[in-house]
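Chemist: Now for the letters of each chain:
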Amino acid sequence: MSDTPAPPPPARNFGRLLLWGGLAALLALVGFGLYRTQAGPVSSGPAPDFTLTTFDGATIRLGDLKGQAVVVNFWASWCKPCEEEAATLEAGWQKYRDQGVSFLGVDYVDTEPEARAYLERFGITYPNGPDLGTRISQAFRIRGVPETYFVDRQGTLVRVKIGPIEMNELQSILDPLVNP
Amino acid sequence: MTHHRPSTLPRAALIPFILGIGLASLISFPASPARAQEPTPSDNQVNLVAKQLYCPVCENVPLDVCPTQACAQWRQTIREKLTAGWSEQEIKNYFVEQYGARVLAAPPARGLSLLVYLLPPLAFAVGAYIVYRAVRTWRRAAKPIASPPAAEDDYTRRIEEELRRRE
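Heads up: the sequence lines are chains A and B, in that order. Read in order, the letters of the first sequence correspond to residues 1 to 180 in this note's numbering. Read in order, the letters of the second sequence correspond to residues 1 to 167 in this note's numbering.
Don't take every hint at face value.
In silico SDA-like links for lysine to any residue, alpha-carbon gap of 25 Å or less [what the hints assert, rightly or not]:
(1) A:K80 x B:N60
(2) B:K51 x A:T134
(3) B:K92 x A:A139
(4) B:K81 x A:D56
(5) B:K81 x B:C58
(6) A:K80 x B:V65
(7) A:K80 x B:Q76
Calculated from the model, a selection of chain B residues having no Cβ within reach of chain A, i.e. all distances over 10 Å [what the hints assert, rightly or not]:
(8) L48
(9) K51
(10) A106
(11) P107
(12) W138
(13) D153
(14) R158
(15) R166
For the record, the hints were derived by calculation from the structure and aren't laboratory data. We treat Cβ as the ideally placed atom computed from N, Cα and C, and that holds for glycine.
Excised from the complex, chain B in its bound form (with noise of 0.2 Å):
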């Protein structure tokens, strides 16, 4: 009966082995600096930040989308901060510091700024008492007669019992 084991190398036969190796591969591949090895931000995770900005030159179209070279340069940007381990607020506030808030996509909640968070629901607020008290005016305008109108006086009643008496 035969075996098939796993061939085994004595040790002292591996050693020159992994020296070839480790030699063969200082020959084969140039000299280069060591770098530390730092994972690309894909486009995805850059326009993931792009798109929270705008940049002043093209006003109204968000850094993701703008094909200027401008835009390109501050992807090129958000790029290197992502790659230098930046996180999403810092790049922002980057950005802000460099050229001001108003590339922000959504404004900083002061200054004047404010009143665009506080104006439309105020202006729902406002509307919605208007159109309640329009509502209610109409309502009591067109709220049917159904009966006649109930005696207000002592004379008025006792007219109309004698009017009721003489039918």
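This is chain A alone, in the form it adopts within the complex (with noise of 0.2 Å):
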């Protein structure tokens, strides 16, 4: 006669199985949570691509745009610093549009009204279009406003410049891209 005890039956196992199998995907599913939630914005690689439906009604796509460099503005109409950039934006738009430079403004979190008379205000005329349903934010992972994106001709992302933006800093990064 032995002592050694019976192994469990197939049932319990498989039950233990499943129990632990579910709490490590739950673990696995909180910690990629946990990771986007604490990775920065994206800051390499190929942009991600999205669709900006402007507030005149055009519809944009990033991916539309390769061989220009692009320039992807996010702000708000109640963000007070993207008050202190709009008009370098603007100034730096009629600068490089004719050199192959793109600007796109996508308002975050905002309401169209406000953000209208936030264009007007500053006199922007480089399209602009809200971020629906926050897909391109989300996208860009952006923490907050302003944030402004460097896409360069080939559709990779070069530089993120977080807070707003001054005319020198502005020329620094577009110059190179303008003329590689």
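Join the two chains, each given in its own frame, into one complex according to the hints.
Modeler: Here it is as structure tokens:
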């Protein structure tokens, strides 16, 4: 007669396996969620593609702008630091628009009347539109506004500016993109 | 005997009187475009919808108590939609379309959000089962030995009987 305990029945083994497997899957899910939350903005590699429907009703897809450098600026009418850079961005647009640079304004978590009033107040003429469903800001993993992303002619993200940008910095980023 | 009768004016005298009042009204009020008389929603009505929404800018602060300008603009949008006769659900749908499902206080029961509704009862059920098993094991281990174990075979029983006889 042996003293070795009998192995648990297979059904019980399967139950334990299921329990531990479920727990591991849940932990993996929570870990992935935390990783995504803690990861900063997308700062290199191919720029996330998106489609922006502007306040004027035009549809612009970032992927269609390959061959041009693109400045993607996230802003909001309630954002005071955005006001500091509004004139700079418009001046940059006026300076570089004929040199193969596109500017896109993405209005983050905003209300349309206030957004339109903001654009009018600062005389902004480059295409701007709302970030519907906050899909674009989530793709770029922005942490706030203003944030400005610079995409080169090949569609690669080359630089991220967190906070308001000044003209000399804008030029120092765009000049090498225009004249590589 | 005098009677107090309501004074009655002849109908002919009433017509210029009414016309006069009408004319005075036209002169005293400035011309303004006609507007539909819509009741303005109260703050409570606005907040009833607002407390079911969260602005992504101010995480964990319900819209009805959020002090930022962004949230004030959102509450104004709710007021405008209520004035226009939108229902609570229509307003919530509008906000989800504009800003994503994460603005909802209670996430929709689909996709990964479904886990929010499934996991708590599942965890409770698993926990209850574990407690049940543990309690059953403890009770078995703690059961007192009330009487000497019964004889398991004939040989032992006979020895016990012999011992009792000798006592």
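Chemist: Hint by hint, work out which the structure violates, then give me just those numbers in ascending order.
Modeler: none
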